[in-house]
Structure formats: structure tokens, C-alpha cells
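S.K.: Protein chains in written order, with the numbering used here: chain A, 1 to 637; chain B, 1 to 250; chain C, 1 to 232.
Keep in mind that the hints are not guaranteed to be accurate.
Stretch by stretch, here's where chain A covers chain B in the computed footprint (C-beta under 8 Å, at least three residues) [stated by the list, open to error]:
no., stretch
1, 60-74
2, 86-95
3, 132-144
4, 150-157
5, 171-178
Note that these hints are calculated values from the structure, not bench results.
No residue lacks a Cβ here, since even glycine has one placed at the ideal position from N, Cα and C.
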Amino acid sequence: MSTVLDPKIPAGPLKEKWDNYKNTIKLVNPANKRKHTVLVVGTGLAGGSAAASLAELGYNVKSFCIQDSPRRAHSIAAQGGINAAKNYPNDGDTIWRLFYDTIKGGDYRSREANVYRLAQVSNNIIDQCVAQGVPFAREYGGLLDNRSFGGAQVSRTFYAKGQTGQQLLLGAYQAMSRQIGAGNIEMFSRREMLDLVVVDGKARGIITRNLVTGEYERHVGDAVLLCTGGYGNVYYLSTNAKNSNVTAAWRCHKRGAYFANPCYTQIHPTCIPVSGDYQSKLTLMSESLRNDGRVWVPKKQGDTRRPQDIPEEDRDYYLERKYPSFGNLVPRDVASRNAKMATDEGRGVGETGLAVYLDFKDSINRLGRDTIEARYGNLFEMYERITGENPYEVPMRIFPAVHYTMGGLWVDYELQSTVPGLFVLGEANFSDHGANRLGASALMQGLADGYFVIPYTLGNYIANQSLPDVSTDADAFGEAESAADARIQKLLSVNGNKTVMEFHRELGRIIWDQVGMSRTAGGLRQAIDQVSALKEEFWQNVCVPGEPTTYNKNLEFAGRVADFLELGELMARDALSREESCGGHFREEYQTPEGEALRNDDEFTHVSAWEHTASGHVLHKENLDFENVQLTTRSYK
Amino acid sequence: MAHSMNITLKVWRQAGPDAQGGFETYSVPDANEHMSFLELLDVLNEQLIKEGKEPVEFDHDCREGICGSCGVVIDGVAHGPQQRTACCQLHMRHYKDGDTIVIEPWRAEGFPIIKDLVVDRQAFDRIIAAGGYVSVNTGAAQDANSIPIPKDDADLAMDYATCIGCGACVAACPNASASLFTAAKIAQLSLLPQGAPERTMRVTNMVDQMAKEGFGDCSNHAECEAVCPKGISISAIATMRREYMKAMRG
Amino acid sequence: MRLSTLLNSPIGKKLITGITGLGLTFFVLMHMVGNLSMFSGDDAYNEYAHFLASLGPLLYAVEAGLVLFFLAHAVNGFKIWIGKRKARPQAYAVYKSAGGPSMQSSSSRSMIITGIILLVFLVFHLISFKFGPGGPGNADASYLTTVNGVEMRDLARLVREKFALSWYTFGYTAIMLLLVAHLRHGVWSALQSLGAMRPSLSALIHTIGGLLGLGIGLGFIVMPLAIYFGLI
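Using the sequences provided together with the hints, build the complete structure.
M.R.: Below, the structure is given as C-alpha cells:
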């Protein structure tokens, strides 16, 4: 039965909620913290920062990651930067403004109290990272440099070359390493979480599989922190790392955690296009390229001339034409959708026809090649390394690609899911970005959750619970482990004709076509049928050779694709039920006469949270109350 | 159009840490120039799976040269022929139809083989855990701009901090030394005032841990710098030595 | 405690190898310059040798220091080599240098071999000359001469005899070429080991190290060849 969820937002004015919360929570006695074991799954920005901070406080932490080292979590690949309301440039930034921009950027589909807290702690994050030795860019005076990012009107983005995510992650990793060295964190790498163990209605443990030996391991804890990232790989091709997956989150979902807004995905407009069927992943290039590059396609369909042979009058600079005031700098969702429209019209470029040009010729003529090289040299090099083409001579070819998922497990203000004791942090939760995430906000959220939110909210949970000892021999552990093993055995025993990659690719194609940049009711219904049929076929016809007892990556991937197949269907259902367009979710039926997203605030100012039941998914809602901001329509004309 | 290439691969196969390994030869008839090197291995693995054989295991994750998961020795060179490029970003346009490519795992006592081309690099984590950090608890930091750092120092620290921990330095070093990896972290933190109070402990503990892990000593071949996907300079190693000598002086 | 930690650490080992290496480089440089006095005539050469021998206790101290340096250098060289063998028990089937910033060369890879040969040569060399006819413990009146009224060992005669032999001359020349190879990597490596390297100077110091090695080697080679071919 459908219910209305309570996010447990603290009382008081927006600006005082977090302080009020901190003032009134129960604390765990320092001497008792050691007696509490916390299981932290994932070691990205959220998991790494949480594990380190909790171990520093004295909790007994066990940390898990699927990679061979906690330093390799996919947060490492974030390029651009991290936002904070420091207002060092004195250009008018405030905590309120960062809050407001984030709410508006999310197209009014996020929770005010969470976003405000995020903006509040943003400054502490920068302080913390600098103290750890993160080498942010600096000015000649020795102070920190800021830049404007993603069309923001203020310079609030801190960065470390084009490797900000790497440096922030290494900061968290080093803080974790210090605690590992001190014996406060026990690190389990090359482990995959295969189930959540719920005892007496509370999350009390996890089942992991040792990816080297295939052994199952049972871990008991007083709370489980899920920090396992997003599910962008449901599209097969995305900018996510190959190991990024939804499995841990999905198993929690099946144990009672509601999945919120799965249809909110972000498609980044400036990625290197697909070159062939063998393509395994997509590479993102910083959207700063749009500051000086002009996006165009030929006016005529099927124009196969080389770009340099197409005269000005035969080119369509469609973003400049349609959005004269923002031009090439329209937000990500708008830029992506327009690229898709151009290629759908048969005006795409390159061998596959699935690309548009990003042309620097005018900027090079105006500013000189040296200036362009100073600004984008490393990106141009990367482009040339991958494509073999020199972007100083011929226009870049770009195309949108999936790179972030705003949806995730539903959490309340305390980051607690609908399973007590299961907390979800970072991209894995549905969190603070609403229907569209702003550039340089993902790093901020991951670290806010891990460094500055969970240390308080977890303490409050533990202090308020009676947590009797649980043994790994408990029935719940045995049942969860048997279920995990049964799946693995099943995957190995099908012995069909199609590879895991073939299924994944097929799933990706369906989701990309129907639950991608623009969606229709008909297409979504079709996708539900197609995915469901594919799932059926998967369990009849997948081929997974090898042993369960040795390192077997293909077997790992098989389990993950099985979960993506279930998630894909839910994404389509969620997109179908949300009869409006907002942020990254564009339903063709709901658009303005100019072709822009049309929200339906009366009926859809809520979070859709899906419960998994034996008879299918049930939709619950959390109403979003906007007490502090006015809902407006975004316009970039 | 992309040219189709027939590539022969000689790949090291080893069933487990203690198993006897050896080379297997495979042919990939429909490689093409736009593929990345790892995509070539994907194509090979799809072939093998279709034949009911076990695919070749290799570590990989981000495939954009930053996570440090991937790394194999390609025709005798760690990460292959293109400098400053992890093998996930190496593209097949550097090869031609009919080429034979020999692929081996990182070979070092400190990096035991798990299976095929996958090795265990946890020794690197233990080196960092021995002191590759600044001891500051969450919440104990002062305002970020209260620690001014000269731009040149910050930029140089960033150059050292770009290490992705892939292990190519160890793999390529004739002595299987982990000096460049260890030194990059020490050099980064030695340039920053935040790292200063514990610099003595850091360098001694990290160097000791490096020795315990069974890596060889550095003989200044500088091969590590040549294969480093981030081009980290061996000046880091010189800095590490200076730091160590200072620490010994007390 | 600190000293023993230092000496056994990967950095200490290289530090000792570097310091002793530079010390020995200075020694061979001086030795080479001394050898060149042969070009000023046998008397000049003998006077130079006599001057060194007459230093007495000071010479013994220097000799003791040299022995210590050689031993420390050799022992550490072996330790590093054994460590390297242990650190990579299984060799690559195919291995090559990536080039570019790599300083790897036939010299850098063969330090242990050139080092061992030089060590064996050193013993042989000491037996031939220092402890040869007329040397300590090997009194021989026929190898005495008088220069400017002072009686002294006629080392020049011994040198001329040895370098009249073709196997000796060309063997010596070959070994000096190995010294060049050893110094080509050794000098630069020592400076890097001492932490004295700035990134911008790497290539320059590597070149200077190579030239210094080459200069020392050539300096050693010219005199024997000149004798052999009857030029002096």
C-alpha cells in the first residue's frame, strides 16, 4: 500500500535546522564507541571519508571495496572541481546562494533541508582537504584559486588541475590509511557485497564474496553504511568505471530499502563519441570546453563532406540559434537533448552519425593557438590520444554520455534508509541533487555525507538503539549466504550461448533509447517489456565459464548485469509514472511549445520511492515542501 | 573506415598464485585501429567465452588512465609503447595488421600473481598506511586560506600527487624497486607545510615498509619515470633521500 | 641505532655506494693524472711514485681508507644485486627500456659485472705493480734507480716491461673501457643517490658523468698504448 514517507527534517528555520539537530541528538560515550562495529561498503569519497572519520571517533570500522585498493574507487575520475561557499573571490557568494543554485539546478525536485546542510558544510570540506595536503590550485600569493564552473555566476569551484576527484579521494584514502595503520579500520579489498543481513528489522550485517578465492564471508555490525556509488552502467556505455554497479544497493533494496527516483540520470554533453561495437566505455571531457568551442552540425541531412569543406552557410550552430542568450553554455541536460535532436534528424557527423562538432577554429583565430592550448591543452591531448585526430586542425566530435545518477536508495535527513541501521551515502543515495546535478557538486556531496553528516547521525542512531549481540551463525546470515551462493551457482550452470557482455550491451541499448535523453510513454512501456524479456532470456541463455573459487571477473559481471536487468525495468516504470519533464527526465509529451522541459508542480513535487515486494514494486511518496524558495521555470533563451 | 587487423597475442596464463604459468597464443582476426588495447582483450575474451574457455583475467576499471587498476607489460614495456599512457588509453592505431604482441603481468616479489595478468598490489597500500598521510582528524582543520603555500610548491606537490598507484614503476625497474611510488608521496607532502611536523616519522616508516615488502633497491636506472603514466620525475626519489638523511640526522 | 638503521635501509645502501663511489672516482682520477706524468719522462714518473711512497703513515691512512671504500662499495653493490634477484624471482620473457627519460643503458644494467671484473683486476693490478718487483715485501735491486741523487724504486721500468706485452696492454685497455662503462652510470647515479639532483639537471649531470668516465678511461689508456707503440 502506498504511503507518505517522513524525511524526519528537524524543526526550526532552514538555517538553524542542522544546528538544532546537532544540539539535540544523543551522543555515544567515547569509551563505548570501540564496542560498536560499523560496516562501510565502498571506499569512494563518501565511503572513504566516512570510514576515516568514524575510526577517528573511536568506532571499530570494517571497510570493503571491490577494487584491489581503496584508492581506486571511481570518485578518482572526477575532473572539474568541488564547490564551496567560501566566497574567497568576494564575488557575492553565500551559503544561501549555493543552496539556491543547487535547488534550482535540481529543477526543484530535491529536499530543501538536505541541500541547505550541504551548502553549510561545504566550507568545512575545503578546510579539511587542505589540511590533509590536497594540492588545490593556488594563486601566486599562495592562497587558493577558484574558478567558475558549469555556467555559475560566481567562482566557487576549487580544483586540482583536471584531477580534483583524484586528489580529494587520495586525501580520504590517506586519512583511511592512517586509521588502517593504527588498527582502527580493518580493510577488506577485492570483496563484493552480495547481501544485506537484517536481524529483528535492523541492518546487522553483510555477506561479502572474496573475489580472489570465491569464499563467502559474514560480517556483523551495529550499522551498515552503503557508499557504493551510482548505477550509470545500466546503460552499458557510460563514463562510469567498468566495475561500478548497483548490486549492493539492489540487494539492500530487495531487503527493504526503498529506491528513490531511479529515472533521474544525468547525461553529460561533452564526451568522446562511440567508435564501434567493441566500445567498452565512454570518456568525458570537461564541459569547460564549451566556453570557447562552438557546437554545430551540417544543415543538410547526410552531408558527408569533411568539416573543413563545409562552408559557414551550410552549418547550423543550433545552440546559438535556439538559445541566443546562453548559446553554447546552456545547462548539461539542454545541451545533451539538443545534440540528440540533431542526430535524430540525420544531421549527425562522423562514421557512426552519432556525434556533433565542437569547433575551436573561431576561438583559435580570435585568441591564438597558444591561449587555447593553455586553457585546454591536456583535454586536446586526451582527445587526440583516443581519436587520433588533432582538434587544433579539425573540429572535435562530441556526443552526450551517461555519467551520473541522481536517483538512488531513499534516505531521510539522517541518511538512513527505510531499513533501520542501513545508511546510504554519496551517489548511492537519492540525495541532494533533485532531477539534475550541477557541475562540481558530486564531490561536495560525497565528502559532506562522509566527513560531516554521518559522524553525527550514526551516533544518534547507535545511542538510541538497543543492539544485542548477533552471531554470524544467526539464521539470517545463513539464509543470505545461501541465497548469494545459489545465484552464483545458477549463473555458472546456465551454460547458454550468449556472453554477459552481449546481454549488457543489449540492455544498455534499450535503456539508452527509451530511458535516455528523452522518453515517451509508448517507448517506456516497450522498454519494460523488452527488459523483462531480456531478463528472462538471461537466466536461460547466459554463458559464464570458469570456476567460482578463483578470480573470475566475468562471473562478477554476470551477477551485476542480472541486477541491472531488474533495475532497468524499475527505471522505466519510474519514468513512466512521472508524467512531467524535469531536469534530466524529459518526457516528450510534457514540453513547452519551444521544446523545453515542462514541470507539473501540482502533481509531481514529490520523491518517488519504490518498495520491492514479492508481488512487484509499490510506489511511496515523500512530498517536497518548499518553504524557502519559489518554484520557477528555468529559461535559457 | 576503420581498418581491420589480424593481431596475434601471446598472453601469460597462470591459473593461480602457486600454479605454473606459461604463454598461450591467440589470434584476434577483427581488431581495428580505433580500439583501445583493453578493448582488444575484451574481444579476445568474448571469443574465448564463446568457445567455452576461461577468459584472460586482467585488472581494469576506469579505462581513462586515472584509477591505476590496469597495467600489463606489453612487448617488454610496462603499459606499452606510448609514453605517459596507461595501457587502457593505448590505442590499436599504434599497431598494424599481422603484428604479434606479447603480454605479461607485472613481475615482482612484492606483487604476487593472483591469476593470469592480475597481481596483488596491496604492498602499496601498506606503504601509504605506514605514513603517507597528514595526521588531521575530521573537524580539526583551520580555515583553508590560513596556510598560504607558494604556487610553485603547490604545483610541484601536485605533480608528485598525480601518482595513480598502478605499479608500472616497480614492473619496469630492473631491480623491481618501489622507490618512485614511495618517493612521490613523500615528496608531495615534504613540499607542504601541513606535512612538516611528522616528516621525520613519515620518511623513515615508509622507507622501512617499502624494504619489508620485498621490493629491490633503486639503482637510478630512471626506467620508472619513463613508464610512469603521469611522468613523475625521479627527482622525487632524490627528495626522498634528502628527507631520509635529514631524518637520520635527527 | 640510527646508524645501523641507516646503513641497512634502501637509502643508506645507496648512500654508501654513492659516497664511496664518488670517493673512488676521485681516487682513479688522481691515479690517472699521476700516470700521465710518464709523458714527462721516466724520472718524473718515478719521482711522483716515490713522493707518494715517502708519505709514510699518511699514505697508510689513505690506503686503509681506500680499502674500506672499496670493500664498502663492493659489499653494498652485492647486497643491492642480491636484493634485486630476490625482488624479481621470475624474469620477463620480453623486456626492453621505454627510452625517453630512462637512463637505463648497457652500463647501468652491467654495474655488477663491470664491478666484479674491476675488483678482480684491482687485485691483479696491485700484485703486478704495488707488490711487484721492487715493491713492499718484494725487494729487487734491479728495480732501483737514482733520480736527482735520491735512490728510489724504478717503477717506470716495471711499467714499460708490462706494457711491452701485447696481452697485458690490450687486456688493460679493455678493462679501462669497462671502467668507463661503470663510471658512465656510476657518477650520475651517485649524485642522484645523494639527493643532489634537480630534475632540470638530470640530463646534464648524466652527460657530465659520462664524459668524466670517458676522460678517466682515456687518460688511463693513452699511456700504455703510447708505450706499446713506442711513442714514449
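S.K.: Verify this for me: three or more residues of the stretch 132-144 of chain B with a beta carbon less than 8 Å from a beta carbon of chain A.
M.R.: Held - the stretch 132-144 of chain B has 13 residues with a Cβ nearer than 8 Å to chain A, which meets the minimum of three.
S.K.: Quick check: do three or more residues in the stretch 150-157 of chain B have a beta carbon closer than 8 Å to a beta carbon of chain A?
M.R.: holds (count 5)
S.K.: Count the residues of the stretch 86-95 of chain B whose Cβ falls closer than 8 Å to any Cβ of chain A, and tell me whether that reaches three.
M.R.: With 3 residues closer than 8 Å to chain A, the stretch 86-95 of chain B meets the three-residue bar; holds.
S.K.: Are there at least three residues in the stretch 171-178 of chain B whose beta carbon sits under 8 Å from a beta carbon of chain A?
M.R.: Not satisfied, violated; 0 residues make the cut.
S.K.: Taking 8 Å as the C-beta cutoff, is the stated coverage of the stretch 60-74 of chain B by chain A satisfied by three or more residues?
M.R.: Held - the stretch 60-74 of chain B has 9 residues with a Cβ nearer than 8 Å to chain A, which meets the minimum of three.
Going through the hint list in order, the structure does not satisfy hint 5, though it satisfies all others.
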